[in-house]
Amino acid sequence: MSETGGRQQAELAGRVGAASEPTAQNAPIGRLLGSEVRWVLRRPRTLVMLALFALMPVTIAIGVVASNRSGGLVGNIVGNGLVLPVVALILAQALLLPLAVGMAAADALAGEAAAGTLRGLLLAPVSRLRLVGMKAFGVLVVAVLATGVIAVVGALAGVLLVGGTDGLVTLSGTTVGVGGALCRILLAVAWTVGQLAAIGAVALAVSAWTEHPLVVLASVLGMVIVFGVLGAIPALDWLQPYLLTSGWTSGADVLRDPLPARGLVESTLRALCYLALGGGLTVYRMLRRDA
Amino acid sequence: MRGLRKVFGTTVAVDGIDLEVPVGSVLGMLGPNGSGKTTLIRMLLGLTPPTAGAVELLGHADPVAALPHVGALVEGPGFHGFLSGRDNLLRAAAAEPLLASRDVAPTVATALERVGLAAAADRRYRGYSLGMKQRLGLAAALLVPRRLVVLDEPTNGLDPAGTRDVRRIIGELHADGATVIVSSHLLTEVEATCTHVAVLQAGTLVASGELATLLSAGSGGLVVVTPDVELALHTLREVATAYRGDAAGEVVVSEGPPAPEIVARLVHAGVAVHEARRSRTNLEDLFARLTEES
Chain X
1 MSETGGRQQA ELAGRVGAAS EPTAQNAPIG RLLGSEVRWV LRRPRTLVML ALFALMPVTI
61 AIGVVASNRS GGLVGNIVGN GLVLPVVALI LAQALLLPLA VGMAAADALA GEAAAGTLRG
121 LLLAPVSRLR LVGMKAFGVL VVAVLATGVI AVVGALAGVL LVGGTDGLVT LSGTTVGVGG
181 ALCRILLAVA WTVGQLAAIG AVALAVSAWT EHPLVVLASV LGMVIVFGVL GAIPALDWLQ
241 PYLLTSGWTS GADVLRDPLP ARGLVESTLR ALCYLALGGG LTVYRMLRRD A
Chain H
1001 MRGLRKVFGT TVAVDGIDLE VPVGSVLGML GPNGSGKTTL IRMLLGLTPP TAGAVELLGH
1061 ADPVAALPHV GALVEGPGFH GFLSGRDNLL RAAAAEPLLA SRDVAPTVAT ALERVGLAAA
1121 ADRRYRGYSL GMKQRLGLAA ALLVPRRLVV LDEPTNGLDP AGTRDVRRII GELHADGATV
1181 IVSSHLLTEV EATCTHVAVL QAGTLVASGE LATLLSAGSG GLVVVTPDVE LALHTLREVA
1241 TAYRGDAAGE VVVSEGPPAP EIVARLVHAG VAVHEARRSR TNLEDLFARL TEES
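Chains X and H, in that order, are what the protein sequence lines are. Per the numbering used here, the first sequence starts with residue 1, numbered consecutively. Per the numbering used here, the second sequence starts with residue 1001, numbered consecutively.
Everything labelled a hint here was simulated from the structure, so no lab data went into it. There is no bait here: all hints are sound.
Examples of chain H residues toward chain X, derived with CB under 7 angstroms:
| # | residue |
| --- | --- |
| 1 | ALA1072 |
| 2 | HIS1080 |
| 3 | PHE1082 |
| 4 | GLU1096 |
Idealized CB from N, CA, C, for every residue including glycine.
Make the full structure from the sequences, and use the hints.
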């Protein structure tokens, strides 16, 4: 940055009297991010997707109340409404949330390239690094919103439809107060967003390499499924530490008392590795990509 | 642009082009489909790196540094179908470095007005006609005052009124001192608006320079209309390069003494000269000759 600044100054000095000419090289970053978020949120598919995510915990709540059967992860919800948001997050994380993030990442680079709008941004110009930052921010916003919608609607549906507002009965049988329950829900949200950020980074890297959004979606879907299958093969146990999905069972840990942190921390670190890998590949490719 | 070369796999799209575009000129870039016009423009704008050679854009060795002052419409307009024309432009304007945040909305309104889209501004881009899409692309290229405007096939899909508008806009830009690069295969368009021409053929530059110079250099010399073609050719063999014209009864003299002397010689030899005139090539002839030679 300082190098460009120096060059600009040298050039200004060279053109005496031209100082009044605007020389900004970048649009304000806040304006770019705002524009990106507006773009993401105006897209009909994002809104439909968020609406469907909102329906999901409501559907679970109705199902639980109607059947009133306990047993299993979902069975814990019976009479224990504050568990609903966490359970809904765990269920959605298996496939739906990665798909949502994959879709956002697919539109972010591949979709823009296909629409010819990536060229417009690069010509404005938005520097290629800023472009990656702006796109990553947009994907992160989708991850946070999708997770947040499930958690908030889940908590509301849990309290209103299932009941059990005096606290949360953990998987270990103890009861934590409402404040503690909300903290655990927040922890589940933060942890899920972290895992989704990893998926998003990898999806963005794929998106940087193609101009077909479907390829990105297929890659995310393929990755989640293949990782799941590999994780289920005992002979491939040694692969477990490298698979992002192998830590996804720790989501349920927030429902235990005392809270075992190890699984959550390990899976978050693993997510950070994927985030770095995906982010690095995205930047590498976008600095070179033809538009 | 110096020694520009671009290779895609085994395809050489642009091969060793040296071209200087004078500040304030309107350069028409001509060439058949696939001759490398768009690739050349994309390299100029830093959208794709050259395989060899270098670009200097408004004095910057790195094109990106000059881009805030450059407006471009490359490979057709690129916008999102689910947004209105105005929202698409607002998004483009938000990314413009030279636009202050408080100016974004009024600038967009002005730009829409300028290209005649004010009435359709709040309709979805998806429902725009080809010409309206093209107009929106123009509006995006002209959001802020530019020092260089690059228009790749700007009149694609435009109705006659739209074509006139583009011509007027190019004229305004030229009057304001901006440099304009227009690629087109509509030769009359280029002839009407451009001061300079560059002709590309199979990735190489086959001609470039001022339009007027190129046209006069490409002129076929003196055309003599006579019933005595054989006699005329025989007479001129000694003093000039003369050959049969395309039409019957025409002799074209491309090199030789001044016109009055040629006519005098012909008349002296008993050739009936019905008409003698300077042949005026138009751009279309020139273009056809340049691109069909190889």
